[in-house]
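Colleague: Protein chains in written order, with the working numbering: chain R, 1 to 485; chain X, 486 to 875.
Simulated from the structure, these hints should not be mistaken for laboratory data. Any given hint might turn out to be false.
Stated by the list, open to error - Listed next, the in silico DSS-like pairs over lysine-lysine satisfying Cα-Cα at most 27 Å (straight line):
| no. | chain 1 | residue 1 | chain 2 | residue 2 |
| --- | --- | --- | --- | --- |
| 1 | R | K101 | X | K628 |
| 2 | X | K571 | R | K109 |
| 3 | R | K207 | X | K571 |
| 4 | X | K822 | X | K549 |
| 5 | X | K531 | R | K212 |
| 6 | R | K101 | X | K549 |
| 7 | X | K798 | R | K47 |
| 8 | R | K328 | R | K381 |
| 9 | R | K381 | R | K391 |
| 10 | R | K481 | R | K304 |
| 11 | R | K109 | R | K86 |
| 12 | X | K834 | R | K358 |
| 13 | X | K798 | R | K67 |
| 14 | R | K67 | R | K109 |
| 15 | R | K312 | R | K381 |
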Amino acid sequence: MASSVLWRTLGRTKLLPSHSLGRPAGHTEWYRNFWGTSRVFGVAPIKLHMPALSPTMEDGTIISWLKQEGDPVAAGDALCEIETDKATLTMDADDDGVMAKILVPGNTKNVRINALIALMVPEGEDYTQVDIPTETGTPSAAADTPAKAPVPAATEAASSSEFTSMRHVAGGKGHVDLSPAVRYLVDSNSLDPAAIVPSGPHGRLLKGDVLKFLAGDPNAKRQDSVPAATPSPPTPVAAPPPPPPPVTHPVVPPAAAEEDEFVDIPHTSMRRTIAKRLTQSKTTVPHAYSSIDCEMDSVLRLRKKLQGSGVKVSVNDFIIKAVGQALKSVPEVNAQWTGEAVQLLSNVDISVAVATDKGLITPIVTDVPSRGLQNISETVKELAGRARIGKLMPEEYQGGTFSVSNLGMFGISQFSAIINPPQACIMAIGGSRVLVEPAEDGHTTKTVMTVTLCSDSRVVDDALASTFLEDFKENLENPYKAALL
Amino acid sequence: MLSCAARLVRAQIQSKPTACWVVAARGYADVVEETTFTTNEYALHKLDEGPSQSVTVTRDDALKYYRQMQTIRRMETAAGNLYKSKVIRGFCHLYSGQEACAVGMEAALTPDDHVITAYRAHGWTYTRGVPPVNILAELTGRKTGCAKGKGGSMHMYGNNFYGGNGIVGAQVPLGAGIALALKYNGSNNVCVALYGDGAANQGQVFETYNMAKLWDLPCIFVCENNGYGMGTAVERASASTDYYTRGDYVPGLRADGMDVLAVREATRFAAEWCRSGKGPVILEVATYRYSGHSMSDPGTSYRPREEIQEMRKTRDPITGLRERMISANLATAEELKQIDLDVRAEIDKAVEQAKTDPELPVEEMYTDIFVDEPPFKVRGTNPFMYGMSK
Numbered sequence: 001m002a003s004s005v006l007w008r009t010l011g012r013t014k015l016l017p018s019h020s021l022g023r024p025a026g027h028t029e030w031y032r033n034f035w036g037t038s039r040v041f042g043v044a045p046i047k048l049h050m051p052a053l054s055p056t057m058e059d060g061t062i063i064s065w066l067k068q069e070g071d072p073v074a075a076g077d078a079l080c081e082i083e084t085d086k087a088t089l090t091m092d093a094d095d096d097g098v099m100a101k102i103l104v105p106g107n108t109k110n111v112r113i114n115a116l117i118a119l120m121v122p123e124g125e126d127y128t129q130v131d132i133p134t135e136t137g138t139p140s141a142a143a144d145t146p147a148k149a150p151v152p153a154a155t156e157a158a159s160s161s162e163f164t165s166m167r168h169v170a171g172g173k174g175h176v177d178l179s180p181a182v183r184y185l186v187d188s189n190s191l192d193p194a195a196i197v198p199s200g201p202h203g204r205l206l207k208g209d210v211l212k213f214l215a216g217d218p219n220a221k222r223q224d225s226v227p228a229a230t231p232s233p234p235t236p237v238a239a240p241p242p243p244p245p246p247v248t249h250p251v252v253p254p255a256a257a258e259e260d261e262f263v264d265i266p267h268t269s270m271r272r273t274i275a276k277r278l279t280q281s282k283t284t285v286p287h288a289y290s291s292i293d294c295e296m297d298s299v300l301r302l303r304k305k306l307q308g309s310g311v312k313v314s315v316n317d318f319i320i321k322a323v324g325q326a327l328k329s330v331p332e333v334n335a336q337w338t339g340e341a342v343q344l345l346s347n348v349d350i351s352v353a354v355a356t357d358k359g360l361i362t363p364i365v366t367d368v369p370s371r372g373l374q375n376i377s378e379t380v381k382e383l384a385g386r387a388r389i390g391k392l393m394p395e396e397y398q399g400g401t402f403s404v405s406n407l408g409m410f411g412i413s414q415f416s417a418i419i420n421p422p423q424a425c426i427m428a429i430g431g432s433r434v435l436v437e438p439a440e441d442g443h444t445t446k447t448v449m450t451v452t453l454c455s456d457s458r459v460v461d462d463a464l465a466s467t468f469l470e471d472f473k474e475n476l477e478n479p480y481k482a483a484l485l
Numbered sequence: 486m487l488s489c490a491a492r493l494v495r496a497q498i499q500s501k502p503t504a505c506w507v508v509a510a511r512g513y514a515d516v517v518e519e520t521t522f523t524t525n526e527y528a529l530h531k532l533d534e535g536p537s538q539s540v541t542v543t544r545d546d547a548l549k550y551y552r553q554m555q556t557i558r559r560m561e562t563a564a565g566n567l568y569k570s571k572v573i574r575g576f577c578h579l580y581s582g583q584e585a586c587a588v589g590m591e592a593a594l595t596p597d598d599h600v601i602t603a604y605r606a607h608g609w610t611y612t613r614g615v616p617p618v619n620i621l622a623e624l625t626g627r628k629t630g631c632a633k634g635k636g637g638s639m640h641m642y643g644n645n646f647y648g649g650n651g652i653v654g655a656q657v658p659l660g661a662g663i664a665l666a667l668k669y670n671g672s673n674n675v676c677v678a679l680y681g682d683g684a685a686n687q688g689q690v691f692e693t694y695n696m697a698k699l700w701d702l703p704c705i706f707v708c709e710n711n712g713y714g715m716g717t718a719v720e721r722a723s724a725s726t727d728y729y730t731r732g733d734y735v736p737g738l739r740a741d742g743m744d745v746l747a748v749r750e751a752t753r754f755a756a757e758w759c760r761s762g763k764g765p766v767i768l769e770v771a772t773y774r775y776s777g778h779s780m781s782d783p784g785t786s787y788r789p790r791e792e793i794q795e796m797r798k799t800r801d802p803i804t805g806l807r808e809r810m811i812s813a814n815l816a817t818a819e820e821l822k823q824i825d826l827d828v829r830a831e832i833d834k835a836v837e838q839a840k841t842d843p844e845l846p847v848e849e850m851y852t853d854i855f856v857d858e859p860p861f862k863v864r865g866t867n868p869f870m871y872g873m874s875k
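Bound conformation, chain X alone:
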């Protein structure tokens, strides 16, 4: 009742007399369809002008981004809990805190663009179209996983998405290769090759910059700078922490990675740059991860807990978007709460399914070796064991 009255008063102030009726009848009328925000400055390197700081977002898009980020957050939390109860084994690198990067970039790309990233890939797998239940089932090693449960965290593939790569910095040359293929085939698409601040010092990354610039490949090199390479802070690891300038002759820009709209705008700019044939561009997104490097790292031995809590309170991407949406009347708090609960229910259900789905039978050990081969005999783990490859 009180909220209704408040809205009435606000509608008066906005001098929309018809809103009085609309408020009484619907109660959601003051929710706007589109609004404009101002993002933080972008740092530019060898670029005359950068992306615009004033970004416009529609209500539907904002709700979509919110829902996607919340899904990734809950999915990663669920994966962490599954790991702690030993249902997921091996490695598990969580994306909590960095959701804005995946969601923002995906918003500016098309499904025909290609993406390749490193091992912190669950968020990207989701934005590239794999439902959370298949991601979680893959982590727990079940048949319904996106790679049939055969690969786990390091084998997440999706639509034009090349995974999950274990070796640090190995995916960057591959990304340039994909961009080369796109250019060679004459398509208008770009390839986004992501790497972290730790991998930014790898030698092959610079070799890749050279080749990409030489041949003007449509490749966006994205450095997800979360401040720590495993446990080493960027100041202790890199002589220059301005990763967007590290390409030297490759133009670059830095965006606030905790603001999904800034990331989207920056990616849109970069994609346009590449699509117009101007060659590669480096996009550094300054972001933060709340959990440790992987599940074996508590995350508090190299940084104070207060820092993590501070980031959660002041710069959380989901909270940031939520506050923006509520203050600009893009959505109501209840709506967003409802999304939270729906997402929670969806992920809970996915977790249940991931725990109870059947595993692959042993015969599947011999399949999925080649793409197009007739069935052949495959040796097992000793010279006396054989299976058929189907």
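Just chain R, with the same shape it has in the complex:
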């Protein structure tokens, strides 16, 4: 009797260890069915993985741990705060136990889903004896078989050994399901789909992956498929880096290297608008270019004379006036191309290009032929001043029938400009230069300026442009003619 009592007692507490708390009864860790294995192997931990707290979450940030090592945990207690792509949520415990080891500390960003973040032990066990699992990392698998099925490594490096289910194997090289968009990209660029890292579910190749590959992103190529940028949980076994493929890639992740080589200036809305309009103009309007040299001596002489009388006008004002006159004489140039007809405009409004800090803006001088030189000068000065501080009204820079852009003061000899639609032309004014010409008694010098007319050749063809330029040159070289109109 006594012996049976003794046997029962012993059996209950020692020889049949599945009775006692915390021993795993599962078939995987069979050796733990023997007493004392916790002293030899450490306590079998309850593994805590990074949860996907929202359906779109790929990785998150562990903000802080609410339970420290050694704290008792009840089912339903909050363990840690996790910041997802949407909100900050808490991760709750499912089982009772004691927090044993925190593998990923607080304030860690970009922890992937299913990464091992902490270990718990069941109640009654010694948490200091917890058995920290070594990372059965798949990055080494990727290194060994880069060509075979690196889809597990492509998906993520952290503790995915438990999740290499059939779907990953099925999604490997044999069954490459390509959507029509992907198929088109692959065919038109003659790519090998097996060389591109898939990031879709079940190892599917997505359009984004192909585009990244085409953009030359080294991370998108399968050969060096271990992205060094993804952090794996700090475990004793470090994944060995893959052997360098034949094409050498920098060991330092390219993203980090590039950051030192350029600076991003984000687009302002003004820049975006300018970009849009210029692109639209250059691509849709057929530009034709004609240049002519104008002698500026008369203008310069007149200008000096006016200066002597106390009137300050610039060469640009003379040019604007000359253009206005020419547009009056050759009205076909003061036109717009519409779908149905060439619209000849009655008013002559000239847009003058002004360079500001934020970009090029063109305030309009309206009805140029009716203005005198002084008036033009004052108007341009005033508009330019307001343009530079950004105080122009929309109607003061939207519209116009002809544009003038002067880069002479920057030393440019000659250039061509882009038409501002819906206008038909833009005149690009270069700087004056002094030419020496042989004459009967020695030489003469003259000041010459090159003017390039860039025109919409649907409206203003080369012949019309030549006529216009001739008239303009005439006007500019004989400034007194301004009094005639």
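For chain R, the structure is supplied; the task is to place chain X on it using the hints.
Modeller: Just chain X now, kept in the frame of chain R:
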């Protein structure tokens, strides 16, 4: 040793002299075979007398209920973890905390009775006879799932069990229809139609009450009142939170849904009522869910965490039954611990299988459309794709 000595002493007190020998030889003799407990009061509506408050349970039954509830709890925890590791996608509504409702009701029903419920159906699928591995495989979308992996959480069917219904309150009229079929066919069985406190305000539920009462259908309408309709507390959602009275002319009763024996007794009463042709009855079970409404709901934004922890500590159905069993000597703590570990091992194994089983091949997309049709051509996702329906 000490426990043996203690039992010896207790046996003396119980003045069973032969127990001394029995204790020495077996060590389990003071475990009783049957015992009686007192449950909380039942609230009654248009009923003269309700179920008895003193319930008797045998040891085997108690162990069975314990094991079933523990299985459901572990299975739901495993499903939650699988969802958090993105192996289960879509919707997942967990039953943790409400196990006593499914287990208690199943204890009072027969396999020939019919059950229909809403989307919080995993517990019911289990009690209706589907093994946990098939439930988990269905959630992860594998061939071995109870619906071949084609439906997931919303398509759990079992023996006389009509699932998993996604539309709130839609299953209640269906339940009355099943009851009508049972009555029409002359069987003695009942249909249990479950819905939640949120669905209790749906219009079709009241239309169903009318038809069921008019034709005396053998339908038990069960309102699983867990206090929150998604995130809205019952006080903010319903003008009357006495869901058992909402049937007006339909008699009703309320039972404590965290006490499996109370639920069983109440269901037994209701089933008898229906089987005797007295018409439908409403059974409200006051229960609680620990997790959020579904896996996308953390469950703590509309109620304090302390409330959940409080419920876990004081009114957990599994802990409640365990304490009752130990204090009444229906079982020993070690026995129950052993059950816990066995259940854990079973569910762990089921989880492994659910993660590694094969998925259905694509050809299965075209099958299971009609019950009895010869194979016909089925159009795929575009006009150029076809399959055979087998």
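Colleague: Indicate, hint by hint, whether the structure satisfies it.
Modeller: Here's how the hints hold up against the structure:
no.: 1; hint: R:K101 <-> X:K628; verdict: violated (38 Å)
no.: 2; hint: X:K571 <-> R:K109; verdict: holds (20 Å)
no.: 3; hint: R:K207 <-> X:K571; verdict: holds (23 Å)
no.: 4; hint: X:K822 <-> X:K549; verdict: holds (14 Å)
no.: 5; hint: X:K531 <-> R:K212; verdict: violated (70 Å)
no.: 6; hint: R:K101 <-> X:K549; verdict: violated (36 Å)
no.: 7; hint: X:K798 <-> R:K47; verdict: holds (24 Å)
no.: 8; hint: R:K328 <-> R:K381; verdict: holds (24 Å)
no.: 9; hint: R:K381 <-> R:K391; verdict: holds (14 Å)
no.: 10; hint: R:K481 <-> R:K304; verdict: holds (18 Å)
no.: 11; hint: R:K109 <-> R:K86; verdict: holds (15 Å)
no.: 12; hint: X:K834 <-> R:K358; verdict: violated (67 Å)
no.: 13; hint: X:K798 <-> R:K67; verdict: holds (19 Å)
no.: 14; hint: R:K67 <-> R:K109; verdict: holds (19 Å)
no.: 15; hint: R:K312 <-> R:K381; verdict: holds (11 Å)
Checked against the numbered hints above, the structure breaks hints 1, 5, 6 and 12 and satisfies the rest.
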